[in-house]
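Peer 1: If you're matching them up, the sequences are chains A and B in order.
Numbered by the UniProt record's numbering, the letters in the first sequence go through residues 1 to 406 in order.
Numbered by the UniProt record's numbering, the letters in the second sequence go through residues 1 to 406 in order.
What the hints contain is simulated information worked out from the structure, not anything from laboratory work.
Since this is a predicted model, take the numbers as computed values, not measurements.
Treat the hints with care, as some may be off.
Copies of the same chain look alike in the list, so a pair counts if it fits in one copy or across any two.
[Claimed, not checked] Taking lysine-lysine and the DSS-like style, the derived pairs with C-alpha atoms no more than 30 angstroms apart in a straight line are:
1) 172 to 383
2) 186 to 383
3) 372 to 146
4) 168 to 383
2 protein chains.
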Amino acid sequence: MTDDVQNRSMVQDTLAAAPPEASYAALYRDELLERVLPFWLKHSKDEQHGGYYTCLLRDGRVFDTDKFMWLQGREVWCFSYMYNNVAPREEWLQMALHGAAFMEKYGRDAAGNWYFSLTADGRPLTQPYNIFSDCFAAMAFAALDKAAPDDRYKEIAVSTFKNILQRKDNWKGVYSKAYAGTRPLKGFSLPMILCNLSLELEHLLGAQQVNELIPAVIHEVMEVFYQPAHGLIVENVYADGRFSDSFDGRLLNPGHAIEAMWFIMDLGQRLQDKALVRKACDIMLHTLEYGWDKEQGGIFYFMDLLGHPPQQLEWDQKLWWVHVEALVALSKGYALTGDERCRQWFETVHRYTWQHFRDEQHGEWFGYLNRKGEVLLQLKGGKWKGCFHVPRALYQVWKTWEQLSQ
Amino acid sequence: MTDDVQNRSMVQDTLAAAPPEASYAALYRDELLERVLPFWLKHSKDEQHGGYYTCLLRDGRVFDTDKFMWLQGREVWCFSYMYNNVAPREEWLQMALHGAAFMEKYGRDAAGNWYFSLTADGRPLTQPYNIFSDCFAAMAFAALDKAAPDDRYKEIAVSTFKNILQRKDNWKGVYSKAYAGTRPLKGFSLPMILCNLSLELEHLLGAQQVNELIPAVIHEVMEVFYQPAHGLIVENVYADGRFSDSFDGRLLNPGHAIEAMWFIMDLGQRLQDKALVRKACDIMLHTLEYGWDKEQGGIFYFMDLLGHPPQQLEWDQKLWWVHVEALVALSKGYALTGDERCRQWFETVHRYTWQHFRDEQHGEWFGYLNRKGEVLLQLKGGKWKGCFHVPRALYQVWKTWEQLSQ
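Only chain A is shown next, with the shape it has when bound in the complex (with noise of 0.2 angstroms):
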């Protein structure tokens, strides 16, 4: 507990002179090029088989060597997007292509399709039950891309990126438990990321096909999926748009609103749609302030819209990136808007964030606390947590913050 104190002390230091728009900016830039990256290139390298080990405990020890392909992807487009946007620096190129090449030799079955899960040799664990290990393998394979350009990653990537548009209104297909017809609803994860995914690969898809596929996404987050008599965006709804009132109807995950905030303030600045960009910063603010813990701060994992008890056990834990996606949508709405309340919230969740998720001692951050703050899980990667939140909420803060001090 020693290195706990420590450790918010120091933070606490820093944050005790409220740091200018450049503070932040060189804060949140040291932060993901001297402690978040060199932890990944460090500890999660398979020198043995290829791909990435992400399940690490605190110091970066491996303790599982399943591979999930959803964070297999999700590093390969970290350190190629790094490569892309930060500096062509060697190490970040090879370690996405280290990855990668894991990916194209094992990662699918005949059909094309992604598993979820391998062994530590690339053997199929899980079958491709779900779509978005798909998602982020496209997203992988149009950052490399742009890094290394080949023929071979180009059709990774749209091939995958046409499966999933293909299966995109059935995608549990075999693996769906509902029975068809009784309460037949649709989720919010999918046009979420479709949001952000269709802009990660404009470069092979070109913008004609983005521009046809944007308006019917940000229609669904924006019209379907958000309850206009809540201010707040639901994970479920039926397939005609209705709300249902039962377990995964009500469902709320404020993160995931807030994380797709930011996705469609970024194409309110493609499109050039301020009203857009300001709705989208409302209903962020809104979600914010509906998911804050009033009593032991942070942001809940799970809601019910209704206020009932929510079905999973973990709802009231405070999840890594849940907090820093909200600092990416605060910064952007605070740019984008100038809104006042941007910035206080940024203030709010930055210190809380900083306080209670990072770990000055080993690197990388913490992913799951307690209601109270305290760490729950002593590990930086497992089977969801990998490469992937951290940096990227880094980086975008980072740019966000360093373009406010120009």
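For chain A, the structure is supplied; the task is to place chain B on it using the hints.
Peer 2: Chain B only, in chain A's frame:
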């Protein structure tokens, strides 16, 4: 919070004088008859569509109307069992018949598999992907057939049981996401439940069939899933019995193992096998010592055999069923072996359980506490908690201490 404080102080008064055997018996009997069964009788009956509501708030108000077949079957079983074993009260029989009529009419698909869930009015919502729906349906109709003998009930119980045995080695069937062959694991749940289910159905199956079935399930539980090097039972092993160093293979569920040990003690009594009872008692005590939270009290929900971070975010929560099953196992262990450790542990778990789970104000018990023992969800029933563990345990503890006091 005033209610909680009052509740705790009243229970603490009761606990101040460590009660002798007869007092424990009276305490558990009164709780069952005056505070728990009345809660379900009053709040869970769906007069409009038949069957039971199980998603009930602290005061019994319905917050969701879906019907989960596990819980429909368990409630039919519970009221039938109380009718058969406590007293032939007409309202208990009527309550059991009420749920059974709904189950019989809507519960199964054309092949006789039990759906996982239905809408309030009986339309199938979730496919029969989960064989435990079938287990609790077989238990329900077997117990009801004792209360109100009927060839239809016999037929449903026996055909469901046969179907379970046919499906048992690949019960997930088309709903399995595992890639066949890479890591063929089998789970502890089914052999563990078959220990109990075979005794529940003995009057229908006959002693001979039960005698044929028992040795295999005892072997599975006590020799295959039990890891002698650690003295603990894991939730999953390779099909050939080997330990698997993976998230699933390392998973411990202390409450599950403790519950299984009283099923084994029941089988040991039936077989008059004192060594088996002794071994089950020892494993139970060791699991409890291992799973007990030395800092905050209570029994952890999930752990990892090798001490790694578990995958389950709810790992440190304190669940009602874990604690009440431990009370049953400790009572039976004490009654059958006289081991003083059982008595001491019973007092410790009794004190924790009555202080934290019991609700003086509205009857029935809370289900989900955080690590510190604070109520996490203000519900008395939901998707997984119904009229089952609390009344069954109260009955078992009552009867065991009653016997000890004679």
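Peer 1: Now look at each hint and say whether the structure bears it out.
Peer 2: Consistency of the hints with the structure:
| no. | hint | in the structure |
| --- | --- | --- |
| 1 | 172 to 383 | both (20 angstroms within a copy, 22 angstroms between copies) |
| 2 | 186 to 383 | both (25 angstroms within a copy, 21 angstroms between copies) |
| 3 | 372 to 146 | neither (42 angstroms within a copy, 50 angstroms between copies) |
| 4 | 168 to 383 | both (24 angstroms within a copy, 28 angstroms between copies) |
Comparing the model with each earlier hint shows a violation of hint 3 alone; every other hint is respected.
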